[in-house]
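The C-terminal residue of the sequence shown carries number 120 in this note's numbering, and the numbering is unbroken.
These are calculated hints, taken from the structure and not from any lab test.
Because the structure is a prediction, the values reported are computed rather than measured.
Treat the hints with care, as some may be off.
Straight-line alpha carbon distances no greater than 25 angstroms define the calculated DSS-like cross-link-like pairs of lysine-lysine that follow [as the list claims (entries may be wrong)]:
| id | residue 1 | residue 2 |
| --- | --- | --- |
| 1 | K50 | K109 |
| 2 | K79 | K3 |
| 3 | K118 | K3 |
| 4 | K118 | K79 |
| 5 | K75 | K7 |
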Amino acid sequence: MKLTAKEEEVMTFYWERGPLFVRELLEFYPEPRPHFNTLSTIVRGLEEKGFLDHNAFGNTHQYYPVVSREDFRKSTLKGVIRKYYSSSAFSAVSSLIEEEAISLDELKKLITEVEQKNS
2 MKLTAKEEEV
12 MTFYWERGPL
22 FVRELLEFYP
32 EPRPHFNTLS
42 TIVRGLEEKG
52 FLDHNAFGNT
62 HQYYPVVSRE
72 DFRKSTLKGV
82 IRKYYSSSAF
92 SAVSSLIEEE
102 AISLDELKKL
112 ITEVEQKNS
């Protein structure tokens, strides 16, 4: 499940606010706002990719997410680990430790949490 930066930005509004019409979506953008047609094209693309669906209200559509933020995160993380770490979660975590993105104390806490979930 891959999204462009703009698509991910739009999905964030749907994940945070639920069903929206494109004209409502426009209101969340600061000036200068994107053009309605541009946003509409992105939303329709997200529907084609299976991230959104819609309910029709006359000639207009209210879109809503069908992929949860959590499912997207998991899929994205798995893709990064597969692509950059040869599908090795161990290598990914080792890299985080080497880059000091996660401390040993944080890692120990994470291990404890995982052990508690699995017991």
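Query raised in the report: Holds or violated: K75 with K7, Cα cutoff 25 angstroms?
Result: Answer holds: K75 to K7 is near 19 angstroms, not above 25 angstroms.
Query raised in the report: Has the given pair, K50 with K109, been kept, meaning a C-alpha gap of at most 25 angstroms?
Result: 39 angstroms, violated
Requested in this report: Starting from K118, check that the Cα of K79 is at most 25 angstroms away, please.
Outcome: With Cα atoms ~20 angstroms apart, K118 and K79 stay inside 25 angstroms; holds.
Query raised in the report: Straight-line Cα separation of K79 and K3 no greater than 25 angstroms?
Result: 12 angstroms, holds
**Report entry** Given pair status - K3, K118, alpha carbons within 25 angstroms
**Finding:** 30 angstroms, violated
The structure fails to meet hints 1, 3 from the earlier list, while all remaining hints are met.
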